Structures are given as structure tokens and as C-alpha cells.
Amino acid sequence: MDTSNSAGSSGPKTLIEKVWDRHVVHAAEGEPSLLYIDLHLVHEVTSPQAFDGLRLTNRPVRRPELTVATEDHNVPTADIDQPIADPVSKAQVDTLRKNCDEFGVQLYSMGDINQGIVHVIGPELGLTQPGMTVVCGDSHTSTHGAFGALAFGIGTSEVEHVLATQTLQQSAQETMAITVNGELPEGSTAKDVVLAILGAADTGGGIGAIAEFRGPVIEALSMEGRMTVCNMSIEFGAKAGMIAPDETTFEYLKGRPNAPTGAEWDAAVADWKTLRSDEGATYDREIVLDGADIVPFMTWGTNPGQVAPISANVPDPADFDDPGASDAASRALEYMGLTAGTPLKEVPVDTVFIGSCTNSRIEDLRAAAAVAKGRKVKDGMRTLVVPGSGLVKQQAEAEGLHTIFTDAGFNWREPGCSMCLAMNPDKLAPGERSASTSNRNFEGRQGRGGRTHLVSPAVAAATAIAGTFATPADLD
Amino acid sequence: MEPVAIVQGTAVPLDRSDVDTDQIIPSDWLKRVERTGFEKGLFSEWRDGEDFVLNNEDYAGANILLGGPNFGTGSSREHAVWAIQQYGFAAVISPRFGPIFKNNSTKNGLVPVEVDIETAEALMAAVQADPTLEITIDVERATVEAPAIGLSSTFDLSESIRHRLLNGLDDIGLTLQQVDKIDSFEGSRPSYMA
Ligand code: SF4
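So the protein lines, in turn, are chains A and B.
Note that the numbering used here numbers the first sequence so that position 179 is 440, with each residue one more than the last.
Note that the numbering used here numbers the second sequence so that position 178 is 196, with each residue one more than the last.
Chain A with its partners taken away, still in its complex shape (with noise of 0.2 Å):
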């Protein structure tokens, strides 16, 4: 059933349906919805074409106070009371600052506290909430569907729409359940979770969906753990990923600086409480996965349906029934530097990064930290543990995370988008290879010619002292 033929039927509905059916300010036979956005977050990458569209025909942004913007893709993680080095990113950066004073938008800039991807800081100011719609310039909005928020990455001609209109045109989407059932093994996290997921969606199984994780391990993630497997529902093309909100949810929500207080709060989390797919709703698509199957997974290819079991091998093209896919691995494999058959775990690694708006928040770097601990990073090995926003790293200061990371010869940054996009200048050299725990290992993602591995903030930090691929159980 599409989304928008449930608009007014009575029957039994996903979470999918009831947060879409909420935000339909029009909808017509034969057209897409005009739905309305609770939230639009802003980065300096994709807004400076919107706001000078605005410009060009004289319109205001329509609800100031429903926008918020941050930097992060261009900014650097060292040095940050100095001026950007380079022109471009400073000239990007500068552009926002000048558009969000013009235009009266509220902005989190380098060096305030709640300054750090836009993806992290959202949520932990309380901005993203559960049923709302969030859109953002960038793919991985679907992170703040964590919260069971309708949230999907937009283009620069919707930022602009949503600038002048707080509304979005969007045509109906299918719905796809995506249930993980049982328990994890002891040493899988998230991470695992979402890429064993991709690895049974593949890169386009999404497509056309908004997708809703469930089951008990779903349930059993933390808020953090949610936002991680939410937000990589892009790379196998679904439009969003959503997880009901329940007591985690509220607990992780109540007290945030954007939070409802009071009678609202508690008008709030009835209301929340309805959010959940009814007895009988029925999806078009279903996957499902069994939780005892998952164990620590890495990509091995250049997308990120490309992963095998870290204690695999490298997979042979030959292995592979459909054609186009195993040209897609010989190609992967060519530009990745790897031969078929090798053991993952043999495979040296010349830097690992902690970060990005997949695993940057505390409790990944607690993960990573615990593994850290009392141990030395390899000689040789280059490092970035770099933290998701300013209130991240001051949390993690707090507890002491960055001694623990420092004395292991790891390497301590400001927050930012970083090498996850190696936009600023962090970036891995051709041939070089990356343990990374951000969400997409595209050819030059992190750097022109660099070979990027996506990994949980566990296992980059295993590898780190390993050297190799490793998972913490190896260290010891």
C-alpha cells in the first residue's frame, strides 16, 4: 500500500503512513503531497544556491525559527581559532555566516559548544523529534528517523522550497519493513546491525521505500545505536529509515535544551506513544534477519553493500551468480588493491578515523575507548578520533575518553564532518587504506585514490592496535 492512498482509510497503518499522513498540508489524485516540515537543518555545502534563489525573487524564509544551521563538512579539525586555511572552504563557511544573519537564521559556528554535524547535533539539542518531518541538504537526515521522525536527505532546489515554503512536494513512497529478530552475539553493535542489513538489501533494495526497523534487537539499541542503523537507510536507497519511538526514546529526549517542558512534555509522549505501526498494518517489501547471524561486519568493496564478516575472506568475483555484480567486485576489488581469497584480517591498514555522523557520539566513543585502553596504536598507523559536535567532546573530555585515547597514541580532533567526506583537510593519500567508521566507502570518498573500509568504532579501534583488520576478541 503507497503512503498516500492511506490518507483517510480507517484501517490498521505503519508508523510510516501515520507520521506522513500528519504532515499533508495538500494532497490531489495524481500529484505528489505538499507535506509540512517540522524541522530543516542547514550546512554550509548545500544552502548557498537556495539562499541566493531566495535572494534572486525576493522571498524570506518562511519560519526562521524552524531552521537551524551548523558548519561542518569544510571545517578543519585542528587549529580552529585559526582562519580557514583554505579560501574555498572559508569562503563556503563565510557564505552561511552571512546568509543566516541576512535571513535571520539561527547558526552554530566553529568553536560554540553546540557547534558539529548536522546529523549529531539535532538530536542532542532536542531539535529532532519523534513524528516530526526533518529535512536536511545532506543524505544521511535519515539518522533523525531514530527518533520515529520522518527525516530524508533533500537536493538544493527543495532546500530552497522549504526555505520559501516550509513545505516539501513528495510523491508517495512504499513502505518496507526491515525486522531483526532475537539477540545480538556478545561483541556486535550497531554498526554490524545496519551493514549485515545492507548486505541483505544491497545497494538499491530501498529504493522507492521509506523504511521501518524493527524486532527485538532494533529495540534493545540504544538512542545512539538507533541513529547509527537509521542513518546508512541511504545506502541501500531507501528515502528514510524509521524506528518507533518508545521509553528510550523519551528517556534520551527529556531535559534537552528543545524538549517540551511540563504539561507539554507530558502532551508530548502520549501523543508519542501512538507512533507505532498497528496490529495487521502490512508493508510492501519485508527483510528479515536474524540477530544470532550477525557478527562484526566490514565492507570490502567500493559500496556499501559490499561487506563480509571481518573473519572472512576476500570474495571472489567468480562467486557471484549475477553478472553485472561480479563485475562490480572485480572492479571493486582492482581499485581497492585486494586479491580474492586473502584473509580480511591479513590486510594492513594505514589509518583509521573514528567519526562521522554515523558513529561520532559518545557512546561510539566509549566503544572505542574501552578497546584503546592500556594499549598502544601500531606503529606507523595514522589516527582521528574525532568527536561530533562540541557537546560530544566535552562529554567525552569529561569522562576522560581523550586521555585514554592520547596515551594510546591516538590522535584527538575538533568536531566535524572531517574524513568522512575529506572535504577539509583530512584526507587519505591514493593507495592508502582506511578503517573508517563513517557510511560510505565510495572510490576517493576520503580522498582521491584512498581505499576506504567501513567498520563499528570497536573494530577501528582493534585495528589501530592491531595494525590488521581485528576485532577487540583478537587483541587479546
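Hints may be right or wrong, so weigh each one.
[What the hints assert, rightly or not] Keeping only pairs whose Cα atoms sit at most 35 Å apart, straight-line, the calculated DSBU-like set for lysine-lysine is:
1. A/K534 <-> A/K606
2. B/K49 <-> A/K351
3. A/K359 <-> B/K49
4. A/K606 <-> A/K359
5. A/K606 <-> A/K515
6. B/K199 <-> A/K534
7. A/K688 <-> A/K637
8. A/K688 <-> B/K199
9. A/K534 <-> A/K359
10. B/K58 <-> A/K359
11. A/K688 <-> B/K49
12. A/K351 <-> B/K199
13. A/K688 <-> A/K351
14. A/K634 <-> A/K606
15. A/K634 <-> A/K515
16. B/K199 <-> A/K515
17. A/K639 <-> A/K606
18. A/K637 <-> A/K606
19. A/K639 <-> A/K688
20. A/K515 <-> A/K534
21. A/K359 <-> B/K199
In case anyone wonders, no lab produced these hints; they're calculated from the structure.
Bear in mind the structure is a predicted one, so any value in this text is a computation, not a measurement.
We have chain A; now place chain B with the ligand onto it with these hints.
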């Protein structure tokens, strides 16, 4: 945006699956604050390789980009669409697009031609064999045709997108015609929301 009704010309065969937007326009190019000048960034890393298809003289002047499955996955960067258009392409053909890329295309008048896999493969083989193969994409009828190989197929195009492409309509202007509905919707939002 400019209205577009017919795209007629030759195509460049980019025979790979999962061409992501990081490849279409690498992140260095995203630092620009202008909306133009992205043509040089199109596939800039691959273009350094001599045998990359865009460097093949036989395909010079083509105005259609023919891609494999999952074309334009990944990042939401609209710069990918701008780069393809500014390089000189008016349409992209693929059996499956990354949804944000597809949506961004329609906002800029770049025609996303999502055909079935058989049609995509037939076109790919034909264009690889004959770079001068003439292809016609008709937005009004949502068809793609290559008479020389007897190919005629339809593609998926919603009524509203067809209407916008044909008339070069500005979405924001259209939405603002509904401003009364937006006003009244705002009046009904729960009070606990900001
Ligand atoms: S951390 Fe990476 S994926 Fe996340 S918003 Fe920044 S660049 Fe995008």
C-alpha cells in the same frame, strides 16, 4: 528552469553499475557557492584516465548520458545534476536511479529516463557498437526511440513531473499558490512543537 519536450541526439555509454554522486562530482567541487562552472568537475577523477568513455572522441557532442543500474546513488548533492547538464547532457538513461538524484534532475530540467533493464542493455550494446546511433526521448509521450535498431520503449514519468518539465515550471511558485492551506495547517500543529 527551461521547458524540455524532446531530446534528440547521440549518447555516451557509461557501462558501470552504482555510479554514485561522489564520482559524478567529487567533493572538492562542492565548495563552490555558485550554481555554474561545474562541467569541469564532471567525473573529474575518472576523466584523468585516457580510456574513460567521456574522453573518447567518437562520442564527442553527445547530449544523452547512458548509465548502468543505480545511477546517481549516494549523496544528495544537486551539484551532480548541474555538472551533467552544464557539460552538455539533456537527459540520462538508466534502468534505476538513486532517488534523490532523480528528483534533483527533474527540478533542473535534466530528463531522467528510467527504462526497463532489457531496453537499457539493448541501448548500451547498440551505442557501444555505433557511437552515431540517433536516440529520441519524447517527454510528452514518455518514450525513448532508436529507429536504426528498431527500439521503441516507454519510461516511467509521473503526470506532475511531465507537466513541470514540459512547461519549465517553478515548484516554489506553484506551492505558494497553496499558501492558504499552509497557513491553516500551521494553525493546527500541536502546541508542543516549536
Ligand atoms: S559526517 Fe559524512 S556523511 Fe555525515 S554529514 Fe558529514 S560528510 Fe555527510
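Taking the hints in turn, this is what the structure says about them:
Of the supplied pair hints, the one linking A/K534 and A/K606 is violated, its CA atoms being roughly 45 Å apart against a limit of 35 Å. Between B/K49 and A/K351, the direct Cα distance comes to roughly 9 Å. Compliance with the 35 Å bound is thereby established for this hinted pair. At most 35 Å may separate the alpha-carbon atoms for a hinted pair to count; A/K359 and B/K49 meet this at roughly 16 Å. Taking the CA atoms of A/K606 and A/K359, the gap is near 49 Å; set against the 35 Å cutoff, the hint is violated.
The hinted pair formed by A/K606 and A/K515 fails the criterion: a straight-line CA distance of about 42 Å is larger than 35 Å. Under the criterion of a C-alpha separation no larger than 35 Å, the hint pairing B/K199 with A/K534 is consistent with the structure, at around 28 Å. Restraint check: the Cα-Cα separation between A/K688 and A/K637 comes to about 23 Å, which is no more than 35 Å; the hinted pair holds. A threshold of 35 Å between alpha carbons decides the hint, and for A/K688 with B/K199 the separation of about 48 Å lies outside it, so the pair is violated.
Simply put, A/K534 and A/K359 have alpha-carbon atoms about 41 Å apart, too far for the 35 Å limit, and the pair is violated. Restraint check for B/K58 and A/K359: satisfied, since their Cα atoms lie roughly 28 Å apart, inside the 35 Å limit. The straight-line distance between the Cα atoms of A/K688 and B/K49 is roughly 15 Å, inside the 35 Å bound, and the hint therefore holds. The straight-line distance between the Cα atoms of A/K351 and B/K199 is roughly 40 Å, outside the 35 Å bound, and the hint therefore fails.
With a CA separation close to 18 Å, the supplied pair A/K688 and A/K351 stays within the 35 Å bound. With a C-alpha separation of about 22 Å, the suggested pair A/K634 and A/K606 falls inside the 35 Å cut-off, and the hint holds. The straight-line distance between the Cα atoms of A/K634 and A/K515 is roughly 32 Å, inside the 35 Å bound, and the hint therefore holds. Of the supplied pair hints, the one linking B/K199 and A/K515 holds, its CA atoms being roughly 33 Å apart against a limit of 35 Å.
Of the pairs offered as hints, the one joining A/K639 and A/K606 holds, with about 15 Å between alpha carbons and a cut-off of 35 Å not exceeded. Simply put, A/K637 and A/K606 have alpha-carbon atoms about 19 Å apart, close enough for the 35 Å limit, and the pair holds. As the CA atoms of A/K639 and A/K688 are separated by approximately 20 Å, the hinted pair is consistent with the 35 Å bound. Our distance criterion of 35 Å between C-alpha atoms is met by A/K515 and A/K534, whose separation comes to about 14 Å.
Simply put, A/K359 and B/K199 have alpha-carbon atoms about 32 Å apart, close enough for the 35 Å limit, and the pair holds.
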